[in-house]
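Quick mapping for you: the protein sequence lines, in order, are chains A and B. Numbering-wise, our numbering comes out as the position in the first sequence, counting from 1, plus 9. Numbering-wise, our numbering comes out as the position in the second sequence, counting from 1, plus 4.
Treat the hints with care, as some may be off.
[Stated by the list, open to error] Covered by chain B, according to a simulated footprint, are these stretches of chain A (three or more residues, beta-carbon under 8 Å): (1) 137 to 151; (2) 163 to 169; (3) 208 to 216; (4) 222 to 232; (5) 484 to 493.
Calculated directly from the structure, the hints in this document are not laboratory data. Everything numeric in this text was worked out from a predicted model, so none of it was measured. Backbone N, C-alpha and C define an ideal beta-carbon position, used for all residues, glycine too.
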Amino acid sequence: MKLKLKLPNPGLEDRVPNHDVLERLEVEEAGDRPKWDNKAQYMLTCVGFCVGLGNVWRFPYLCQSHGGGAFMIPFLILLVFEGIPLLHLEFAIGQRIRKGSVGVWRSINPYMIGVGIASMLVSFLVSLYYNTIIALVMWYFFNSFQDPLPWTQCPVNENRTGFISECERSSPVDYFWYRETLNASKTIDETGGLQWWMVLSLISAWGVLYVSCIRGIETTGKAVYVTSTLPYVVLTIFLIRGLTLKGSIDGIKFLFTPDLNELANPNTWLDAGAQVFYSFSLAFGGLISFSSYNSVHNNCEQDAVIISIINAFTSIYAATVIYTIIGFRATERFDDCVSGNILTLLNTFDLPEGNITESNYEEVLHSLNTTSPDIISSLALKTCDLNSYLSEGVEGTGLAFIVFTEAITKMPLSPLWSVLFFIMLFCLGLSSMFGNIEGVLVPLQDLKVFPKSWPKELMSGIICLVCCLIGLIFVQGSGNYWLALFDTFAGSIPLLVIAFSEMIGVVYVYGIDRFNEDLIFMIGHKPNIFWQATWRFISPLIMLAIFIFYFSTTVTKEIFYIAWDPDSENFPTLEKKPYPSWIYLIIFFLAGIPSLAVPGAAAFRAIREYCCKKHPNASVKETDSVSYKVHMQDEELKTQKSDKAFYT
Amino acid sequence: MLAGVLLLIFLSPLVAQDPCKDSKDGFKVRLSIKTALGNDAYEWNESEMFLFRSTVAYAMRKQTNQDTYNIENILVCNDTQRVSFVFVVTSPDNQAQLIPKAQVEQAVRQNKRRINSAFLLSDMTLEFVGIPPTLSAPITYKTQPWLIVFGVVIGGVAVGIVALLMSTASKKRRAKGKAAGLSEEDEGIVKENGTALSGLGGNHGVYNQAFSNDDRFTQL
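When you get a sec, could you build the whole thing from the sequences and use the hints?
Below is the structure:
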């Protein structure tokens with residue numbers, strides 16, 4: 010017995026062009042919608058959008074902290090049951106209805122326009138802070154063209170007797186990141202003023218983005234030839250370099266050693282699901298837009314599977330490369346620690362050099378401990394543990410700007426590796442930004458916010474300018490705390506809500522039967538039982554489960570931020586500070602407003618309908634249906650004729 | 005009395021050793037030759053010690069501008085296998101008087117580079133315990149290198165924007181010119197359903213003479 014649940018959806022036929030119209034548009038190549046130059050551009054753009062900074066600095070951390078190789082199991086399972094179906098759904102619906110996210114949802118049902126608006130808002134909020142991360146990458150890139158790199162050594166103080174104390178107590182890389190780059194203030198309340206060097210970096214980041222997006226996919230389609238392929242080249246170079254370094258194999262072993270007990274931990278599955286979801290850049294609206302520029306008979310099923318496989322492969326590949334370098338760094342630190350201890354022992358007991366080596370360190374220490382234990386205890390020797398250095402698992406900006414940069418300083422030819430690394434991060438981030446900007450620009454066009462006469466260059470210019478100005482928040486002294494706030498709240502819960510609504514909207518409001526027919530028309534065969542099962546039940550259930558978990562954990566736990574405070578007791582460990590009370594309002598704006606836009610727009614429309622019913626002379630509402638447009642044109646011509654006849 | 009004189013004779017070398025061993029004006033020196041040079045490490049022997057004493061004497065000469073310092077003025081003791089020892093500097097005029105610690109420190113600091121290079125060592129591997137190494141001056145650039153790279157990138161962006169905008173403008177001008185030339189030919193096209201061909205004629209459709217009430221003709 011088939012479960013057929015279909016919500017009533019009057020007027021759907023009018024809003025969506027039917028198959029014959031699509032076929033005609035396809036054959037005659039009419040229509041003013043932009044098109045991809047070739048399939049490669051489309052695939053590279055989608056790959057670039059999906060593969061982003063998260064693949065490099067979130068996945069390796071999750072992999073390592075959730076049982077290494079064992080993490081692959083929940084990751085791959087959820088990839089197949091959550092990621093691929095959602096991706097196929099977005100590609101198919103975009104290709105079918107041939108509009109941006111707002112247009113698609115308005116066509117499916119005018120009450121669902123909120124989903125499109127929510128996508129646009131989330132894309133906008135994420136664009137703001139994501140490009141700031143790119144600005145930080147560019148700042149490090151600018152600073153990589155010198156030898157020695159500025160974060161190799163602490164700067165000296167005024168009378169050249171020692172290093173600056175803040176740097177001395179932490180480390181040169183920490184100092185360069187927190188003081189010379191961010192100039193971090195102590196709390197989120199103290200704005201610290203605009204940091205001029207970061208403003209320049211921000212302007213350059215938005216400038217490069219504007220040049221690439223200036224004419225929409227006409228220009229981004231060319232840019233992705235570089236931005237989507239260069240990261241793979243750089244990753245391969247780093248892999249080869251990394252494997253020749255000492256300790257790299259330890260890093261890889263540490264990353265992939267499976268700990269199957271982690272599979273019993275629900276957090277592992279939750280993190281895997283969230284990572285699959287965010288890694289695919291779903292629910293931003295960009296993917297729907299990109300696929301709407303395809304030809305109608307493009308095989309979106311194959312595309313979805315290919316892109317998912319590429320995304321998963323990239324995550325694993327990047328994790329391997331990152332952990333060769335982290336293994337190298339951990340081994341260097343371990344060696345330094347042991348050498349330091351050995352030196353201390355040699356100096357205290359005046360033993361000749363070479364008496365104590367790494368191999369006999371333990372036994373020598375033991376024998377010295379028995380002969381003179383009080384001297385040994387007074388020395389305060391450090392415990393050196395390779396595993397603890399390996400699991401200084403950092404993620405996010407800490408991985409790229411602190412851990413990795415430190416590892417680079419220990420490699421010969423550091424400026425070269427630094428330049429390559431930051432170019433790779435820049436390309437990864439920029440190609441994701443193309444999708445974000447698409448997700449903001451096209452809905453604004455659909456909502457007719459800009460007059461139609463305005464050229465594309467002007468619209469993209471205005472969006473980049475507005476985002477750049479708002480993004481000045483993130484280049485203040487407290488900017489990094491704002492960035493973390495936006496990252497946690499703007500790019501998490503609303504996306505889950507949108508994705509869930511998308512599935513429900515396509516399967517139950519648009520109708521899975523109609524959707525299946527569309528797919529038969531577009532790709533030639535009905536999607537098999539796997540797609541049916543995942544679209545109808547499995548994927549929505551997974552989305553719902555992740556949403557409930559995320560929501561409950563976020564709402565119940567104490568939220569705090571970690572600050573760089575030289576005056577704190579635990580310095581250089583970052584200090585946990587509670588947020589001020591007005592932050593909750595900001596959090597509501599970030600997470601609440603996009604999420605509430607989904608039901609909110611429906612309610613708004615319902616109220617407007619109700620008011621309109623009372624006033625029948627009110628202007629006829631615009632609809633997007635093709636036949637309606639033809640009808641209106643005929644009407645206009647008739648009225649023109651009759652008017653002219655009247656006046657002659 | 006003979007016993008007293010003999011005692012004094014035997015005691016004096018012991019007394020003479022005191023300035024080095026328990027003097028507070030002495031510095032402990034530590035060399036890590038194997039760490040610095042690895043396989044090229046030389047052996048520490050009397051000749052090397054001779055070289056060390058002569059370099060310290062040289063440093064004292066440079067600092068005081070007196071050519072009177074000699075090897076004999078540098079006393080060394082507590083020699084260990086670590087290759088560490090203590091040394092003191094005696095005044096050239098009076099063997100019993102020691103040069104104060106601060107002065108020796110200044111002399112060593114000023115000439116540390118020369119002393120290091122005599123032994124092919126560095127500040128880390130030739131340690132004078134209690135004398136911190138003078139840190140090298142930080143490299144200062146006339147223009148910060150990052151500003152140069154930033155300038156290049158921003159220049160490229162500006163050139164790109166101008167080029168793209170100009171190409172759009174010239175495309176539009178060419179399209180306008182073509183449209184003006186073609187408008188006479190368009191009038192004969194029959195307007196169909198309005199769906200397939202609606203994209204061709206721009207916003208307002210194709211001008212179809214058959215349906216228009218054109219006031220080019222004489223009004224009735």
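Hint check:
With 4 residues bearing a CB less than 8 Å from a CB of chain B, the stretch 137 to 151 of chain A meets the requirement of three and the coverage assertion stands. With 3 residues bearing a CB less than 8 Å from a CB of chain B, the stretch 163 to 169 of chain A meets the requirement of three and the coverage assertion stands. Given a C-beta distance limit of less than 8 Å, the hint that chain B covers the stretch 208 to 216 of chain A holds, as 5 residues qualify and 3 suffice. Counting residues of the stretch 222 to 232 of chain A whose CB falls under 8 Å from any CB of chain B gives 3; the rule of at least 3 is met.
Counting residues of the stretch 484 to 493 of chain A whose beta carbon lies closer than 8 Å to any beta carbon of chain B gives 0, which falls below the threshold of three, so the coverage claim is violated.
Checked against the numbered hints given earlier, the structure breaks only hint 5 and satisfies all the rest.
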